[in-house]
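**Student:** Sequence:
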Amino acid sequence: MTTVLAGIPGVVIYLDDIVVHGPTADIHNERLNKVFDALAKHNLTLNAEKCLFAVPVIEFVGFKLSEQGISPLQSNVEAIQSIPEPTSPAQVASFLGMTGYYLKFLPRYSNTTAPLRQLLWKDEPWVWTQECKEAVHNLKAQLTSPPILLHFSTSCKTMVTCDASAMAIGAVISQEQNGVERPIAFASRALSPTEQRYSVGEREALACVWSCERWHLYLYGRPFTLRTDHHALVALLTTSGTGHRPLRLHRWYDRLCQYNYKLQFTPGRENVVADLLSRSVLVQGTTDDVNHPETDIIQLLHTPLQSIVSLQELKTASEQDPILSQLGTYIREGWPAQVSGELSAFARVKDELSCWNDTCVARGLCTVIPEPLCARVLKMAHEGHLGIVKLKQRCRERVWWPGINSEIELLVKDCPACLVSGKMGNPRPPPLQPLTWPTHPWQHLQLDICGEIHGVPHNQRYLVVAYDLHSKWPELTTTGSVTSQIVVDFLDSLFARWGLPQTITTDNGPQFVSADFSSYLRSKGIQQIHTTLYHPQANGGVERFHQSLKNGLRAHLAQGCTFNQAIRLTLLHYRASQYSTTGVSPASLMLGRELNLPLDRFRPITPQRLPRGVKTRIARQQRRMKQRFDRLRHAKEPNIAVHDWVRVRRPHRHKKLASFWSKPLVLTRRMGRASYLLEDGTRWHASRLKKVAVPASARPQSSEDLPYTFPSPEQGIATPQADRQNAQSLPQTPVLPAPPIISQAPRSSCPSAQGQDSLSPRPVRNRSRPSYLKDFVATFHV
1 MTTVLAGIPG
11 VVIYLDDIVV
21 HGPTADIHNE
31 RLNKVFDALA
41 KHNLTLNAEK
51 CLFAVPVIEF
61 VGFKLSEQGI
71 SPLQSNVEAI
81 QSIPEPTSPA
91 QVASFLGMTG
101 YYLKFLPRYS
111 NTTAPLRQLL
121 WKDEPWVWTQ
131 ECKEAVHNLK
141 AQLTSPPILL
151 HFSTSCKTMV
161 TCDASAMAIG
171 AVISQEQNGV
181 ERPIAFASRA
191 LSPTEQRYSV
201 GEREALACVW
211 SCERWHLYLY
221 GRPFTLRTDH
231 HALVALLTTS
241 GTGHRPLRLH
251 RWYDRLCQYN
261 YKLQFTPGRE
271 NVVADLLSRS
281 VLVQGTTDDV
291 NHPETDIIQL
301 LHTPLQSIVS
311 LQELKTASEQ
321 DPILSQLGTY
331 IREGWPAQVS
341 GELSAFARVK
351 DELSCWNDTC
361 VARGLCTVIP
371 EPLCARVLKM
381 AHEGHLGIVK
391 LKQRCRERVW
401 WPGINSEIEL
411 LVKDCPACLV
421 SGKMGNPRPP
431 PLQPLTWPTH
441 PWQHLQLDIC
451 GEIHGVPHNQ
461 RYLVVAYDLH
471 SKWPELTTTG
481 SVTSQIVVDF
491 LDSLFARWGL
501 PQTITTDNGP
511 QFVSADFSSY
521 LRSKGIQQIH
531 TTLYHPQANG
541 GVERFHQSLK
551 NGLRAHLAQG
561 CTFNQAIRLT
571 LLHYRASQYS
581 TTGVSPASLM
591 LGRELNLPLD
601 RFRPITPQRL
611 PRGVKTRIAR
621 QQRRMKQRFD
631 RLRHAKEPNI
641 AVHDWVRVRR
651 PHRHKKLASF
661 WSKPLVLTRR
671 MGRASYLLED
681 GTRWHASRLK
691 KVAVPASARP
701 QSSEDLPYTF
711 PSPEQGIATP
721 QADRQNAQSL
731 PQTPVLPAPP
741 IISQAPRSSC
751 PSAQGQDSLS
761 PRPVRNRSRP
771 SYLKDFVATF
781 HV
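Counted the way full-length UniProt numbering counts, the sequence shown spans residues 1 to 782.
You may find that some hints are simply not true.
[Claimed, not checked] Restricting the straight-line Cα-Cα distance to at most 27 Å, the calculated cross-link-like pairs of lysine-lysine (BS3-like) are:
1) Lys122 to Lys133
2) Lys626 to Lys615
3) Lys691 to Lys379
[Stated by the list, open to error] Label pairs and their computed distance ranges (CB to CB):
4) His216 to Lys157: 11 to 21 Å
5) Pro246 to Asn357: 47 to 57 Å
6) His231 to Pro536: 32 to 42 Å
7) Gly384 to Arg623: 45 to 55 Å
8) His231 to Cys561: 45 to 55 Å
9) Glu134 to Thr225: 33 to 43 Å
10) Lys636 to Lys157: 52 to 62 Å
11) Ser518 to Leu435: 19 to 29 Å
12) Arg554 to Arg769: 38 to 48 Å
13) Thr503 to Ala635: 25 to 35 Å
14) Pro223 to His250: 22 to 32 Å
I should point out that these hints are in silico values taken from the structure, not numbers from a laboratory. Note that CB positions come from ideal geometry on N, CA and C, so glycine has one too.
Start from the sequences and build out the full structure, keeping to the hints where you can.
**Tutor:** Here you go:
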């Protein structure tokens, strides 16, 4: 029967029962005639004695359907009231099954039936108590005068009110009809032992998600108000939230994204019905969780979802579109010598245009879409959320209109689902900008936190590290927690030993951006430099030391050293080892001498020699590193300037389902070599910025929409030189000077290097035979 009457609106089928309804008599009769035609086509007959026509009230699958709403069938209610008290668990289950069929009409059903359900537990002894008698009596009393549930209307304002308690969640869906809010259905269920351990906010959020998915047929595709008495959910389950949600709430928020809801806070004193339902405990898997599709279909009244663009709609829109109508005339009667205005875009491809179906225009095998339908067609094509390339390929084979490629790019770049999935490519990093080498030790420090380190004492989980950029000399301390006061105490100990630096570079950790830490540095006269957000490369010296530190700690701990011993040994050998960039050890530049290691006892004591050509070597190494970095990373200068629209690539961190890219922002100022200030006040490195097209609300008229005319000889043709002259007339963004390249050290700084332009070889000591071999003939191979 479902197949025979498929496609006829206003028809509800349950097995061999057919209900035909309509808002007016004419519509009802029209639908009824279609049913008769379909039955006659398949040689099906009806029993006239069982048919009712044009009645205001009918009885259908145990319910009474009328213009006022839906109510239980009186005969079934009387049958339930005549049932005697159960005398066995089987009779209790039968009684609960009969009353559970009308669960939608009983708000306190789960609370009322709690004593009866306990009798159904496994290994529970049969004890018929006074509470059980009262439960049976209350259920029969509630069915005597149940509430009338309204028919669901797609034109009325819909509200879903939710609440949660420690044991259960409940909800009610209602609509405002004729100025009065009336219920559509009630629902509640018990929480599992795991769900009972959720926090209050998570239980309230679970109630919202569960109620929306339970009434998915009513809510999907239409706006509604979601009410809760937990004020924190307004921020946690909306896009206005801070984003610092638990992962469970992230998943629930993603499940709610398919609904068009407005979350509204309702005080608990006004949330009476849902609060009552949430305190009515219902065992998982009882009749509340059983769906009754026949009643849902009756209440929905076959409400259709939004239809796609049909061929008839395309034909009608093409006839009403003045551009396509004029275009069809040109195609059939011939093109004029010159066209202007919006038809100029079609003039370029006039040899590919043709008419079909009288009014529709095609370019090759692609249909030209009228302007009113362009947005809908693009949404249809982008339903699978393909990327820009694949979406262009899909549309290129089927549809076309002027400017379709640019509209596809804007659609994909601004699609929230595509942004979440990270389909936008990462921007190329700008060319590497080497740091200016400080002229003397302890002039410029880099400060950072290393940790949390597992498998070590609790009070040593974090390492506070200071790194001298001139000598590459590291200092660190261990701590169980990282606060600004601990960092200040660590710096005090360093300053007492080495003195005050001029500059300290830190990231944007809470310890380094606090007011206490900033005021401490100001009191010492030290300049603080913050790196750009989530760009640790700007603090590259100390970050690279972290790698060497962890490798050394791992090796020493594997040999059985304690954590403190591993730290001391790692620092000793790092400070005494030759650094690849400077060519000398950090101790040589920091202390002016080498540290004595056990191996040095075999080396004769020689006069201390100052390092030679250090600056030249650093400059040469930096040039090599820059060339290698720019070549391997395909670095290029950022193509962004002030007043450009950009998106910021956000870090993943713990927010695994957060969007990869921010909303479009205007770049307001260039702050350094490759850092920029955005309109929201944040400063970002160019490697995290990607230039995007100007949003539709702010972009000027595209060139494809301008009148198309062929240039005359007097007008000339635009040339690159003319474009450059026009570009020079525009206001230019001030560009910061490039960082100075470290020049060769002055000859006077190293007396032994006078007259030398390159590094001299290391001195070689004179080798002689030991005295005890003077009476022997010996040959040494060096």
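**Student:** Each hint: holds or not?
**Tutor:** Consistency of the hints with the structure:
1. Lys122 to Lys133: 21 Å, holds
2. Lys626 to Lys615: 16 Å, holds
3. Lys691 to Lys379: 24 Å, holds
4. His216 to Lys157: 11 to 21 Å: 19 Å Cβ-Cβ, so the 11 to 21 Å window holds.
5. Pro246 to Asn357: 47 to 57 Å: 55 Å, holds
6. His231 to Pro536: 32 to 42 Å: 37 Å, holds
7. Gly384 to Arg623: 45 to 55 Å: For Gly384 and Arg623 the Cβ distance comes to about 49 Å; the hint holds.
8. His231 to Cys561: 45 to 55 Å: 54 Å, holds
9. Glu134 to Thr225: 33 to 43 Å: 37 Å, holds
10. Lys636 to Lys157: 52 to 62 Å: 54 Å, holds
11. Ser518 to Leu435: 19 to 29 Å: Cβ of Ser518 to Cβ of Leu435: about 22 Å, so the range 19 to 29 Å holds.
12. Arg554 to Arg769: 38 to 48 Å: 44 Å, holds
13. Thr503 to Ala635: 25 to 35 Å: 26 Å, holds
14. Pro223 to His250: 22 to 32 Å: The hint (22 to 32 Å, Cβ to Cβ) holds, given that Pro223 and His250 are roughly 23 Å apart.
The structure agrees with every numbered hint stated previously.
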